[in-house]
Every structure is written in structure tokens, then in C-alpha cells.
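K.L.:
The lines below spell out each chain.
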Amino acid sequence: MAQTIAEKLLSERVGRAVEAGDIVVVPVDGAMATDATAPFALQAFERMGGERVWDPERFSLVIDHATPAPNERISTLHTVMRRFAREQGVRLYDVGEGICHQLMVENGHVRTGELFVGADSHTPTYGALGAFAVGVGSTDLAGVLLTGKIWLKVPRSVRIELTGTLPEGVSAKDVVLYLVGRLGIAGATYEAVEFAGEAVTSMSLASRMVLANMVSEMGAKTALVETDGLRLPGGAGAPVLRADPGARYRREVTVDVSGLRPQVAVPHSPDNVRDIDEVLGTKVDMAFIGSCTNSRLEDLHAAARVLAGRRLAPGVRLIVTAASRHVFNQALADGTVQALSDAGATFITSGCGPCVGTHQGVPGDGETVISSTNRNFRGRMGNPNASIYLASPAVVAAAAAAGEIVDPATLPLAGEGRVA
Amino acid sequence: MTAVSGKAHRLGDNIDTDRIIAGKYTKTLDAGDLAAHLLEDYDPELKERIRPGDVLVAGENFGCGSSREQAPIAIKTAGVSVVLARSFARIFFRNAINIGLAVAEVPEHEIPDGARVRVDLLEGTVVDEDAGQSYRATRMPAVMAEILEAGGLVPYLKEHGGYEASP
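Keeping their order, the protein sequence lines are chains A and B.
Heads up, the first sequence is in our numbering, so the first residue is 511 and it goes up one at a time.
Heads up, the second sequence is in our numbering, so the first residue is 10 and it goes up one at a time.
These are calculated hints, taken from the structure and not from any lab test.
Just so it is clear, the structure is predicted and the values come from calculations on it, not from any experiment.
It is possible that some hints are incorrect.
[Said to hold, decoys possible] Using 27 Å as the maximum straight-line C-alpha spacing, the simulated DSSO-like pairs for lysine-lysine come out as follows: (1) B/56 x B/16; (2) A/659 x B/167; (3) B/167 x A/663; (4) B/33 x B/56.
Turn these sequences into a full structure, and let the hints steer you where they fit.
P.N.:
Below, the structure written as C-alpha cells:
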């Protein structure tokens with residue numbers, strides 16, 4: 511029978527043909543938990559009677575959600591994680607190494623065709639590699655640590671075909687914001703979102719990660735991106751992973767990206783998406799480029815292209831975090847960090863930072879934030895009295911320079927308008 | 010645990026986990042701390058009004074957003090016996106079952122705030138006793154029902170040692 515990518519991959523993992531709706535118990539190839547989810551997971555693991563992690567090589571702990579620790583309570587939770595890692599021989603990424611999803615991909619802890627379970631809702635990011643990656647909570651993760659398995663319902667799939675060529679200045683973030691707006695915040699609940707098409711084939715791994723990352727904002731269980739044209743970290747091609755012709759989809763959507771405008775999600779939901787033209791002139795107080803969605807090297811490059819030779823608008827602060835120390839070092843070596851810092855950007859530790867509202871840039875009452883992150887729920891960045899707009903790194907950088915939302919393509923050339 | 014009744018506290022659609030418990034409060038192992046901030050920005054007085062056994066009744070897509078299990082823990086610790094919604098976000102639904110918080114999807118319900126609600130999880134029935142109106146809950150997969158019946162995934166795995174027995 512013709513299979514979706516999700517059906518194909520899960521059939522492979524369980525060793526028999528399965529189809530949407532089946533309940534399966536699947537062996538897990540890799541797992542991960544962060545400082546937001548690991549403390550409860552490790553506690554649950556002990557309560558289950560767990561003594562040894564099923565396979566320490568396959569599990570990673572990442573301290574990224576509140577890093578370095580903003581207070582003694584959180585620091586003590588980090589201590590618990592470090593102790594567990596030492597005792598169990600489990601890999602731990604400590605303060606400043608980077609954001610969990612970047613680290614899993616960058617360091618080869620997840621591969622095409624694998625089944626990965628992460629205790630973080632943006633785990634579907636690894637669908638960019640053609641991995642079936644699901645986000646779970648702490649106790650499910652503890653179950654994986656104990657058994658090396660997880661139960662799943664084989665999801666129905668939504669197929670997104672992206673045709674055409676992205677216009678200059680329009681990125682994967684604009685595509686996925688458009689899709690979240692079109693499908694809605696629950697538009698793919700319990701489902702797999704599968705991406706294909708010529709506009710995907712030409713995308714970098716980093717851009718594919720942006721697409722896969724935000725299926726979480728459609729309620730999806732996972733994302734799967736066809737691997738045609740994919741270059742893995744290190745430059746090798748990826749194994750071919752495609753849906754069968756004639757596979758059954760719950761919904762098929764085709765989008766020609768050639769005419770797409772930059773997209774902005776307006777408060778207070780990621781599916782409140784508008785063409786940038788409808789929100790031009792919205793004043794901003796704070797700008798943030800970071801998160802598992804948009805803080806890889808190509809994102810920092812996009813921001814630097816906009817900001818090189820400019821200064822931040824008076825009264826605007828721009829906070830930047832690189833997805834990992836590796837990304838930061840690359841951006842340091844090629845002058846990107848210098849360009850952004852010269853423009854007035856403030857770099858913070860590689861990690862989740864302001865995206866989750868714990869520390870390192872909580873907005874004030876009545877302030878407006880433009881951010882390259884994935885969620886703008888009320889209170890998301892730590893203050894329910896702030897308003898958050900979501901956009902691409904280029905649009906965020908342009909807003910930081912102009913003090914209001916502007917189309918990066920219409921910014922005057924850097925240096926123009928400067929008073930001598 | 011399969012039949013409960015309590016007063017309904019009505020919530021809207023798309024209540025995300027940031028609203029249930031803000032990210033800044035989640036980094037703790039103290040469930041009481043979590044309950045103290047339950048739905049704080051949504052309705053600061055709500056947690057004061059919840060009595061043990063009460064029922065949260067929501068609209069569509071309850072619990073969307075992050076994977077934080079702190080959300081159902083806060084709800085359970087505040088004394089809520091069951092969460093009903095027209096639909097749930099998937100991670101929240103799994104998390105709730107896994108920590109032993111009863112949840113039921115009731116697609117057609119029109120239960121108002123303050124109604125006296127009786128829920129029979131085994132039968133899959135929900136009754137608004139004030140209006141004399143009854144609703145059907147969507148059947149959950151057998152493995153989930155077994156985990157919930159065991160009181161959560163910790164006691165379930167302690168007892169079974171794995172998932173093989175159930176699906």
C-alpha cells in the first residue's frame with residue numbers, strides 16, 4: 511500500500527506495515543531532555559524504579575532553558591542534572607553549549623529515518639533531517655529512559671508542497687508563519703506535517719529546520735521533510751526519504767512561494783499572521799533574534815546584512831543569541847558578531863533566553879517586542895502586559911534599526927541619511 | 010477515580026501552557042509552587058475559587074504550546090478532579106494521563122461556568138446536572154485508559170515494566 515513518510519518510517523521502525531490510526535510501541539533511537547523538563551523526568555524515572563538508563567549513549571541532557579542559572583533554585587536543578595549525567599554516564603551539554611535542538615542535529619545525535627523522543631515541544635525540528643521526532647513531557651521521557659520505547663498512534667499526515675522560488679529577503683520563517691496562519695494553531699493536531707516541493711529541495715538544512723520547528727504551532731505530532739537536495743552537517747547528502755505516490759493524506763496544500771511577502775504574527779497567537787504590509791509602522795521597544803527557530807548562522811547573516819553599517823534606532827534594544835557555541839564561533843570568525851555588535855546588538859548566552867520568559871530580556875509593561883522566535887502567547891516572554899510580534903531575522907533586524915516594523919527591502923542603504 | 014463530580018470552571022479556547030503556568034514559574038520540583046500560579050494571568054482569582062474535586066471545562070485546543078508537564082501538575086495539585094475540553098493539544102493530553110490527571114474530550118459540550126458536572130470516565134459520559142444535559146466523551150486508546158486507571162505512567166510502568174502488555 512502507498513505510504514506517507516510517517517507511515518513508511520514507523521513501519522520500518524516496528525518491522526511491519528502500519529497505517530494511520532494504529533497504536534504502536536516503537537524502539538527509540540535517541541532521546542533528550544532539558545533543564546525545563548529533565549528534573550521532573552529524572553524524578554519520575556526513579557519513582558518508576560529506574561536504576562540504569564536503557565542506553566546512555568542514546569540520551570542527552572541539555573542545560574539551555576535557564577542558562578546560566580538566574581537563581582539558586584534553578585542552579586540546584588542544574589546540579590541534579592549534572593549528578594545524574596555523571597552517575598549514569600549520560601552526555602550533558604552544560605551552560606553555553608547551545609540550544610538542545612541545534613545540538614542534537616549539529617552533533618549527529620539524530621539521523622534520517624530514526625525515531626527520536628525529546629522532552630520539548632519543538633523536537634519535530636529534526637524532521638528537517640527526515641527523522642520522526644516527537645515532543646513529549648517529562649513522564650513520557652522517563653518511560654523512554656526506563657524501557658527504550660514509546661507508544662504512539664501512527665498519525666495521519668498533511669502534505670505541504672512548496673513550489674516556486676523564494677523572493678529575495680523572504681525566508682523559510684516567512685513560509686512557515688504563512689502556513690501556521692493558514693492552517694491555524696490546531697490545524698494539524700495529532701498529525702504529521704510532511705513538506706516537499708522544489709522550494710524545499712533548494713533549502714539548506716537550517717531553513718528546513720525552521721519549517722519543521724514550527725509545526726508545533728499547528729499542534730502537529732511531528733514534521734517530515736523530504737530529503738531531496740539535503741546536505742547534512744559536514745556536507746554529505748542524506749539518504750532518500752520520500753512519500754509513495756498515491757499515499758493517502760488528510761489534507762494536501764500547495765503554496766507557490768514566489769509571490770510570498772515577509773510575514774508577521776501579531777499578538778497574541780502564532781496563527782495571527784499578516785503580510786508585513788498590514789503592520790508597517792508598528793513601533794517596537796525590544797527586538798530578539800534567537801531560539802530554536804531562528805538563530806543559526808544563516809539567520810545571523812540575514813540580520814547582519816540588514817544591520818551592517820547601521821545603528822539601532824534610539825530607545826530600541828536588540829538581544830541576540832546564537833543557536834550554539836559552534837554557531838557563535840563561526841559568526842565570530844566571519845565578522846558577523848562584530849557587525850551586529852557594532853550596530854548595538856547585545857549577545858547573550860547560547861540558549862533559550864528571552865523566548866521562554868525566564869531571564870535575559872523580559873519586556874516591561876506596555877512594551878512591544880519583535881522576535882524571531884516561535885510563540886507570542888500572552889506572557890510568553892515573561893510579562894503578560896507586553897505584546898510580541900513574530901517575524902524572520904531580517905524583519906526583526908530591520909525593525910531594530912528603524913524603531914518600527916519596516917520591510918527590510920525598503921530600508922535606505924546603510925549610511926544614507928546619516929548626518930555628518 | 011473513574012466517576013467524579015464537581016463544579017465547572019469554564020475556560021475559553023486555545024488556553025496555552027504559558028497561560029496555565031508561566032515559564033518563569035516552571036523550574037521547580039515543588040508542585041505546590043506550581044499550583045500557586047495556576048492560570049494566574051488568565052484569571053488571578055480562579056485558583057482561590059477551585060474546591061477539591063472541581064472540574065475545569067474548556068473549549069478547543071486546551072493546553073497548546075510547550076511540553077511542560079508542570080501545566081497538568083499545577084492543575085492536579087490545585088485540586089481539580091478532571092479537565093473536560095472540546096479538544097486538547099496532544100502533549101498536554103498525554104502529560105495529563107501520565108501524571109494521573111483525568112482528562113476527557115467532549116466535542117459537543119455546552120457546559121456553562123458554575124454548572125454541577127458529573128463525569129464517568131469508564132462509561133465515557135458527562136452530565137451537566139443543572140441543565141439535565143448529557144454528553145459523550147471521545148474514547149481514548151486502550152493504552153491511555155490503562156495508564157490513567159493505574160494512576161499514571163509511573164505506577165503503570167512500575168507494575169507492567171513496559172508497554173508490551175497493553176496496545
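K.L.:
Hint by hint, say whether it matches the structure.
P.N.:
Cross-check of the supplied hints:
no.: 1; hint: B/56 x B/16; in the structure: holds, 13 Å
no.: 2; hint: A/659 x B/167; in the structure: holds, 15 Å
no.: 3; hint: B/167 x A/663; in the structure: holds, 23 Å
no.: 4; hint: B/33 x B/56; in the structure: holds, 18 Å
Checked against the numbered hints above, the structure breaks none of them.
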